[in-house]
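Novice: In case you want the letters, here they are:
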Amino acid sequence: MERRRSLPDVLAGMIFVLIGGAFVAGSLGYELGTPLRMGPGAFPLLVGAIVAALGLAIVVKGLVAGEVISFGPIPWRAVVLIVAALLFFGFTVRGLGFVVTSAVTALLTTLASSRVRPLTAVAVAAGLTVAATLIFVVGLQLRIPLWGPWLGL
Amino acid sequence: MEFFDNLALGFSTALLVQNVVYCFVGVLLGTMVGVLPGIGPTATVAMLLPITFNFEPVTALIMLAGIYYGAQYGGSTTAILINLPGESSAAVTALDGHEMARQGRAGPALAAAAIGSFIAGTVATVVLAVAAPPLARVALKFGPAEYFSLVLLGLIVSIALARGSALKALAMIALGVLLGTVGQDIYTGTPRFVFDRRELYGGIDFVSVAVGMFGVAEILRNLENEQARTAIVSRVKNLWPTREDRRRIVGPILRGTGLGAGLGILPGGGHVLASFTSYAVEKRVSKRQQEFGRGAIEGVAGPESANNAAAQTSFIPLLTLGLPAHPVMALMVGAFIVHGITPGPNVITDEPALFWGLIASMWIGNVLLVVLNLPLIGLWVRMLRIPYQVLFPMIVLFAAIGTYSLGFNAYDVYAIVFFGILGYILIKCGCEPAPLLLGFVLGPLLEENLRRALIISRGDASVFLTRPISAALLALAVAALVVAALPAIRKRREIVFTEED
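Same order as they appear, the protein sequences are chains S and G. What the first sequence shows, in the numbering used here, is residues -3 to 149, in sequence order. What the second sequence shows, in the numbering used here, is residues 2 to 502, in sequence order.
I should point out that these hints are in silico values taken from the structure, not numbers from a laboratory. For every residue, glycine included, the Cβ atom is placed at its ideal position computed from N, Cα and C. Hints may contain errors.
To be verified - Covered, in the sense of this in silico footprint (three residues per stretch, anywhere, with C-beta under 8 Å from a C-beta of chain G), are these stretches of chain S:
1) 53 to 67
2) 73 to 83
3) 106 to 112
4) 115 to 122
5) 135 to 144
This is chain S alone, in the form it adopts within the complex (with noise of 0.2 Å):
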């Protein structure tokens, strides 16, 4: 395999770099406690500082000699629709209840791929919901009502 500067590589040490900072940052806050009785921040300042070693040699080995990966195009579309059907979900699951909530999550995935035609994308999205509730609502009784309070129904 052929090694030289990584891009990819910089990118995933960076991230490393950066949660592991935020972890020793936010557990500093806690009590650290003495090696008898270790506190709460103790742990996570410990492995946080890890993380954020290892994310420092592998932005450094990216630099010098990394991986050659190529990082490919990514799916905006995909990424954009998903994240939003997600956070729908778990925003209007209380409010709207299972079914509209369903429906649209639905939709707004089935959307995501770039080559789905708008009618099936429904005709999916309204078996999708079907088979939801179907499976989890009648067939497994999860305690989720059917429709919410925000219909007025």
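Given the coordinates of chain S, work out where chain G should sit on it, guided by the hints.
Specialist: Okay, now just chain G, sitting in the frame of chain S:
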């Protein structure tokens, strides 16, 4: 004859009607997701986990285990028929299996895989039944220091599960451990990293992590390049291998079974390693080396037996030590905990019916798999025509519903988004998600035992080195780390893993 009493108890549990039914459902679903590319057993188990919370614990675990080894099985079918391994461990099967299919010998290839898997599964179930009780007895003597070292060893060995850079795998493990600290501290109750949100006090649910990293991230990967899936599959005829074939597969099956059963026991080691090792061994010992890669039946029978045996024996560290060797098992740890059972050496004595029932169900599951796979091969092939445009919205929707139903907490759904995006970026950068999930599940165990060991030793950190078992485990962990980092070995691993592309 304690052994036979135990097995009798196991079979009497596993043969209860509802257990057989859910074992069947498990292997059926497992085969299905093994056949379908784009959805793996980890995402499936994560989605179905909430559903199993209403079941009896043993039924739930039987079904989840069925999904796991069913998927190993289903993956080989597509590997042989359309050169598309549904599971990474089946990649090596595609080398010779698909070549056989192109020569019109798909039938014998499928049969060799099925027979090999069945024999391996049977032997490995016996190995599991024999080896687990003594190991559990040893593990019962473990104190917090030993447990800490053992978990650390398990995590470091799991680097072997990841492709690519050992450094990144290590960072993923540590990141998983770190994210596992979110939520209330076990000793003081202090909420950590919760941004004042009461919903986060219980920590991040591991189902969200699994669904995000293995479900959503994988879907985004697949949507990068959408192509119509064209499965051109030749008809399968003459399922039964010829006498010559039968003679040729005996050795590979037995060697593969032995190798797989051995490698599967390593905590964090795995079925992928087992199938690649078996292929390498068969190629070396064979008198017909030039046939490998051109449709040698040995290259199908050996690795298939190895990966099935390993799938079976990798339950040993889970059942005796509470250490998951595969992301699916990390989810099963969660299933144990939800049912109020701490996975570990106590399971065997406290819940004998569950322990032996689960083991016996694996043998029954293997029988069901043979029955399910060979005659129904046409059905599985037809399933490949399900368009991905229907499949992926189903995964997202069911994942959202399932995760939400865990605790009726919308934050569990938001966590899927976070881990989906994080996982997607990291996977694109060449980091494998499996070590992160293992670290996430084992992290709290690591912290708890570290702190408890230090309390017992009055703050003396040398306790990990002065207690012999702990020191030995740590030495092994260091050795594993050195081995993973050594360039020579890394290069060989790369060769092994690139063969699958």
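Novice: Each of the hints needs a verdict: does it hold here or not?
Specialist: Verification of the hints:
Under a criterion of three residues with beta carbons nearer than 8 Å to beta carbons of chain G, the stated coverage of the segment 53 to 67 of chain S is upheld, 6 such residues being counted. Coverage of the segment 73 to 83 of chain S by chain G holds. Counting CB-CB distances below 8 Å, 7 residues qualify, and the rule asks for three or more. Counting residues of the segment 106 to 112 of chain S whose CB lies closer than 8 Å to any CB of chain G gives 6, which reaches the minimum of 3, so the coverage claim holds. With a cut-off of 8 Å between beta carbons, the segment 115 to 122 of chain S has 3 residues touching chain G; three or more are needed, and the interface restraint holds.
Counting residues of the segment 135 to 144 of chain S whose C-beta sits closer than 8 Å to any C-beta of chain G gives 5, which meets the bar of three, so the coverage hint holds.
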